[in-house]
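A.B. asks: Sequence:
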Amino acid sequence: MSGKHVAVLMGGLSSERPVSLSSGNACAEALEGEGYRVTKIDVGRDIGQVLADLRPDVAFNALHGPFGEDGTIQGVLEYLQIPYTHSGVLASALAMDKGQAKIVAANAGIPVAEARVMSRFDIGSEHPIKPPYVVKPVREGSSFGVVIVKEDQSHPPQVLTSSEWRYGDRVMVEHYVAGRELTCGVMGDRALGVTEIVPQGHSFYDYDSKYVAGGSRHVLPAEISPKIYQKIQELAMKAHQAIGCRGVSRSDFRYDDRFSEDGELIWLEINTQPGMTPTSLVPEMAAHAGFGFGEFVRWMVEEASCLR
1 MSGKHVAVLM GGLSSERPVS LSSGNACAEA LEGEGYRVTK IDVGRDIGQV
51 LADLRPDVAF NALHGPFGED GTIQGVLEYL QIPYTHSGVL ASALAMDKGQ
101 AKIVAANAGI PVAEARVMSR FDIGSEHPIK PPYVVKPVRE GSSFGVVIVK
151 EDQSHPPQVL TSSEWRYGDR VMVEHYVAGR ELTCGVMGDR ALGVTEIVPQ
201 GHSFYDYDSK YVAGGSRHVL PAEISPKIYQ KIQELAMKAH QAIGCRGVSR
251 SDFRYDDRFS EDGELIWLEI NTQPGMTPTS LVPEMAAHAG FGFGEFVRWM
301 VEEASCLR
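With UniProt numbering as the guide, the letters of the sequence shown map in order to residues 1 to 308.
These are computed hints drawn from the structure, not numbers from a lab. Any given hint could be a false lead.
Simulated pairs of lysine-lysine, PhoX-like, Cα-Cα distance not exceeding 25 angstroms [what the hints assert, rightly or not]:
(1) Lys40 to Lys4
(2) Lys227 to Lys238
(3) Lys150 to Lys130
Between the sequences and the hints, there should be enough to build the whole structure, so can you do that?
C.D. replies: Laid out in structure tokens, this is it:
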């Protein structure tokens, strides 16, 4: 039994608050089962004072989205010198900015799709790149604000310039790669298994297919050639190292094998705070590698540090 005092940071201020609460509760329960003393903290703007008063041995970061995943909470924890799980300030900020992360990945030799980052107001009535393409907010997760523009669409999506848009003014316009949705987790210095995500009743892997029970089917190990499987593991590890991640991360890929087995394999993005809900991908990959959920979260706590 460890006896360490672990503060599980959850909830928070982003659009992904419900997912974070689910992740945090699952992790807190598992950590208690592993013998840790656990305090659950629903993170608000007073988090610095709350943590300074509490002085836990470790902060388990179960936050998702802006503030929890972008280097902000990591900076608070560095300042307070509280060891924490997952990536540090720089890697978190870099991975959260899809445009910057893509530049680093491309420079590391990782295949990426053609893309440009621009103001949503500059898109206007002309397509910014030839359709089909995807428009993504540069600093959101969980597929919030993702819009797919098909080949036969005559103009860009109107929602981008509407007053209802709430995902920031900078967007990434990225060439749409058809094919299969594949993802691979990294745990420290090892790549985990490759999962194919098959959305059920959704056109792509959106918020509901990620978090609603039955929204997607996970095929682990993915039914692809051993060569491509290994290539994805290598690229996930390479992205983890190039961005400077620590602990756990997950890289997402598109693989178009409609015309040949080698097909087109494209890295989309890296997630430094993968979901830890019952339907989440990385806990499934860890289980496939022989780590039960309790053992997995214990590894994350024991691996926690500052100056990540």
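A.B. asks: The structure should be examined with respect to each hint, and the outcome stated for every one.
C.D. replies: Here is how each hint holds up against the structure:
A distance of roughly 14 angstroms separates the Cα atoms of Lys40 and Lys4; the hinted pair therefore holds under the 25 angstroms criterion. Only pairs whose Cα atoms come within 25 angstroms are accepted, and Lys227 paired with Lys238 is accepted, the gap being roughly 16 angstroms. With a C-alpha separation of about 10 angstroms, the suggested pairing of Lys150 with Lys130 holds against the 25 angstroms cut-off.
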